[in-house]
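Q: Read off the chains here:
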Amino acid sequence: MRRYLLPEYIVERDDLKCTRCKICVEQCTYGVHNYNAIKNMIESRSELCVDCLRCVLFCPVNAITVRRNPNVYKENYHWTYEFITSIKRQADTGSALLSGMGCDKQNLTYWDKLLLNACQVTNPPIDPIREPIEIRTYLGGKPKMLEFEFNDEDITLGTKLGPCLCAETPILFAAMSYGALNLNVHEALARAAVDCGTYFNCGEGGLHPSLYKYSDHTIVQVASGRFGVDLKYLSVGAAIEIKIGQGAKPGIGGHLPGEKVSDDIAMVRMIPAGTDAISPAPHHDIYSIEDLRQLIYALKETVEYTKPVAVKIAAVHNSAAIASGIVRAGADIIVLDGVRGATGAAPKAIRDNVGIPIELAVASVDQRLRDEGVRDEVSLIASGGIRSSADVVKAVALGADAVYIGTAALIAMGCTLCQKCYTGKCPWGIATTDPEISKRLNPEDAYKRVVNLVKAWSIEIKEMLGAMGMDAIESLRGNREQLRGVGLTDRELEILGVKMAGE
Amino acid sequence: MYARREHAGSYSDDKILGSCALFGMMNLTCERFSSKEPVHAISCMRERGNGLGGGFAIYGIYPDLADLYAFHVMYMDPLSRRRAEKNLMRDFRILLSEEIPTKESNEFLDPPTFWRYFLEPKPSKLRDENVSSDEYVVRRVMGINTGVRGAYVISSGKDMGVFKGIGFPEDIADFFRLNEYRGYMWICHARFPTNTPGWWGGAHPFSILDWSVAHNGELSSYGVNRRYLEMEGYGCAMKTDTEVLAYALDLLARRHNIPIELIAKVFAPPYWEEIDAMKPKERLTFAALRRVYGSLMMNGPFSIIAARHGEMIGLTDRKKLRPLIGGMRGDFLYISSEESAIRSISPSLDKVVRPYGGEIIVGRLRDLRVMETPTLVGRVYA
Ligand code: SF4
Ligand code: SF4
Chain A
16 MRRYLLPEYI
26 VERDDLKCTR
36 CKICVEQCTY
46 GVHNYNAIKN
56 MIESRSELCV
66 DCLRCVLFCP
76 VNAITVRRNP
86 NVYKENYHWT
96 YEFITSIKRQ
106 ADTGSALLSG
116 MGCDKQNLTY
126 WDKLLLNACQ
136 VTNPPIDPIR
146 EPIEIRTYLG
156 GKPKMLEFEF
166 NDEDITLGTK
176 LGPCLCAETP
186 ILFAAMSYGA
196 LNLNVHEALA
206 RAAVDCGTYF
216 NCGEGGLHPS
226 LYKYSDHTIV
236 QVASGRFGVD
246 LKYLSVGAAI
256 EIKIGQGAKP
266 GIGGHLPGEK
276 VSDDIAMVRM
286 IPAGTDAISP
296 APHHDIYSIE
306 DLRQLIYALK
316 ETVEYTKPVA
326 VKIAAVHNSA
336 AIASGIVRAG
346 ADIIVLDGVR
356 GATGAAPKAI
366 RDNVGIPIEL
376 AVASVDQRLR
386 DEGVRDEVSL
396 IASGGIRSSA
406 DVVKAVALGA
416 DAVYIGTAAL
426 IAMGCTLCQK
436 CYTGKCPWGI
446 ATTDPEISKR
456 LNPEDAYKRV
466 VNLVKAWSIE
476 IKEMLGAMGM
486 DAIESLRGNR
496 EQLRGVGLTD
506 RELEILGVKM
516 AGE
Chain B
169 MYARREHAGS
179 YSDDKILGSC
189 ALFGMMNLTC
199 ERFSSKEPVH
209 AISCMRERGN
219 GLGGGFAIYG
229 IYPDLADLYA
239 FHVMYMDPLS
249 RRRAEKNLMR
259 DFRILLSEEI
269 PTKESNEFLD
279 PPTFWRYFLE
289 PKPSKLRDEN
299 VSSDEYVVRR
309 VMGINTGVRG
319 AYVISSGKDM
329 GVFKGIGFPE
339 DIADFFRLNE
349 YRGYMWICHA
359 RFPTNTPGWW
369 GGAHPFSILD
379 WSVAHNGELS
389 SYGVNRRYLE
399 MEGYGCAMKT
409 DTEVLAYALD
419 LLARRHNIPI
429 ELIAKVFAPP
439 YWEEIDAMKP
449 KERLTFAALR
459 RVYGSLMMNG
469 PFSIIAARHG
479 EMIGLTDRKK
489 LRPLIGGMRG
499 DFLYISSEES
509 AIRSISPSLD
519 KVVRPYGGEI
529 IVGRLRDLRV
539 METPTLVGRV
549 YA
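Those sequence lines, one after another, are chains A and B.
Counting from 16, one number per residue, gives the positions in the first sequence under my numbering.
Counting from 169, one number per residue, gives the positions in the second sequence under my numbering.
Don't take every hint at face value.
Said to hold, decoys possible - Listed next, the in silico BS3-like pairs over lysine-lysine satisfying Cα-Cα at most 25 angstroms (straight line): (1) LYS449/B - LYS159/A; (2) LYS175/A - LYS447/B; (3) LYS175/A - LYS519/B.
If you are wondering where the hints come from, they were derived from the structure by calculation, not from laboratory data.
Predicted model, so just to flag it, every value in this text is computed and none were measured.
Bound conformation, chain A alone:
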């Protein structure tokens, strides 16, 4: 059947500049560039290009340009390019469309409509270069109050606090599994977590034995497939996260095709090599909140109450009620993953249409937990599409304790958001387990880039806190007085719990 798809991108080469070094031919994992020896020319098959920009950045003479195909369908606000292309692709293949990374739709980002406060005159801003500003963040369950024992002149703390995570910055690395990513990426994230004094979440594919040495800074995940879960795995991490859902595909499980399950991945996931690794949509032992409570306590028992247990859910319509149930079920940390949350592979229809923006979810969960008087007994992590230090600050002001970043960390390593992670051919060596392509990601280099990113954001967070006249992040947590909205309806402002700018 002839394909009726327009090439999305046009790859152009300045032939006068091109030295025939063939670097682009090697670098493109999609086979766009080919050397024609007879013509002594490099030819490019534009229709295969995914706009990952690998060749563009690697061409030593800057001879390559990738741009959007100027041929477009007749302009139509209803039948956009995306819908026409999707229909044609499905007519060709008869299958559900897959996509990688997070939802890329307009109008779901509230961060850009929230503005931060700063001190003028009546209280002095604080200069982070000269004065300490603290962003250390503890995550875990807490008692409602402390009791002290008084003995003559002596005071002793009588309350024992539960286990917790102590992050030197409110930024943690989100769950991304071994299998979706390769070991180099995991190693880079783990080392960055150690360096930044924060935590990396190994995701649902188990933890490679070579990374156990970083396990003080590792959150181990237990998902519906139970891959790689055994006593050692649970005991080695700093915290355990039960994954109920993820923002990119709420209500959907995962599927790592057999061809990607190499010997090593099979060993870590504890499944036979070459078999499909399927995470069911639900945990088949959790059909209700009571069941979740059992799993939380089964895990706590297993590690003898030495580690906090987190529960991660996708932000959906009734997140607030679910979150309150999760607190009562005994979780120490709640992770909310918004509609922008990313993934290696998800059905496009789900990715783009299911779930709610993280900003609204954090606001309503924080408020609900306060209404029930339990907000300070748990920690709240916001996740899904956090793009900058300002997003982090706004998330904390809305009510989160900390954030997870995934996509941002991958972008720091080289990812260009081409959204083709599901192909397994990531030209940047990130979302691939192909041993050859994986070599493109140097863990040493990638780790440094991620550390730099977190350090840079942490400095900016301190700058913003200082400008608001605060020297500790706990004073920002849930402090919506420091936020104002622009371009929002009354109802939106009400749900976010913020005033309109100018009020």
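Use these hints to put chain B with the ligands onto chain A, whose structure you have.
A: For chain B with the ligands alone, coordinates are given in the frame of chain A:
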């Protein structure tokens, strides 16, 4: 309601100076004294106020009725009094009620009326609710302040009372005829409001039960302090950040039974760096305080003088962005925004205390020691 415009000075520039004056004076042997010295001292710092708020909390003023809760209630209109008194009569046995005597004066445009009630909770109601009488009183105060329009309980402790309003402190003292009262501890405030409208209820000190707080500064953390206290049942009705200090003191001291030295460490905690360097036992305590009560950290510039029966404290934020100084002479402890105010009534002092940021000055009855460096957990006086 605006008063004494001429004091603002028609030639003064418009610059908003975020400053207020605090002054506290306590006789450590519980000897009661008149308004003369405290009023003189606070009026010495006129520069720091702007006539939009002044007030006093006086302890030991109702010795004959010391077993009863003394409510000072501000009424914006006659209707509000009828509504509030309905509540009071329903919930309390009122043993005495009277209008607080004030001086006829044309200094004030249309001041609210002030009443005081000496009361005790109705035993049957108390039984029904099954709470301590203090808790009962706090709930009823919240009920009136957030639920009865135009009525505000400005103090509710025993054998103490708050007198405050719009004006310079000396005018307020005049208005309430404070020269007729004697107390063993006086907390005084002159206000320069910036963030919140100058209104009678917004003047300091703020008070709940026998806690009273006078505050100079602005809390950037107000948003989270308020949301935390709301979670604990404290409704913030007074449109100002100082209110949260009074409620936080009540919550921590009364309901959570935390000693004042440690409460100071909740409001102005040591840096994590300092906590990390402490001995294990202290580290555990201070880390726990910050983790559990982080939402009550008072962030932003502040100095406060707070008091309850038998105890007066002074505290600044941990960066000391507002002034505070303490002094002692004989049985008297003074805490003030400026040393000059203390010297104006006691030119010579036995001891001057200049606390660092986050350090607390504590004065207790019959306890002449003044705590200067309470970083040690082990030093709390009974
Ligand atoms: S897919 Fe990437 S590497 Fe290949 S031609 Fe396109 S931009 Fe270049
Ligand atoms: S991880 Fe790789 S495949 Fe996925 S979006 Fe980024 S560059 Fe593309």
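Q: Does each hint hold? Answer for all of them.
A: Going through the hints against the structure:
A distance of roughly 21 angstroms separates the Cα atoms of LYS449/B and LYS159/A; the hinted pair therefore holds under the 25 angstroms criterion. Straight-line distance between C-alpha atoms of LYS175/A and LYS447/B comes to about 17 angstroms, which keeps the hinted pair within the 25 angstroms bound. The suggested pairing of LYS175/A with LYS519/B is violated, with an alpha-carbon distance near 41 angstroms, which exceeds 25 angstroms.
The structure does not agree with numbered hint 3 stated previously, though it agrees with all others.
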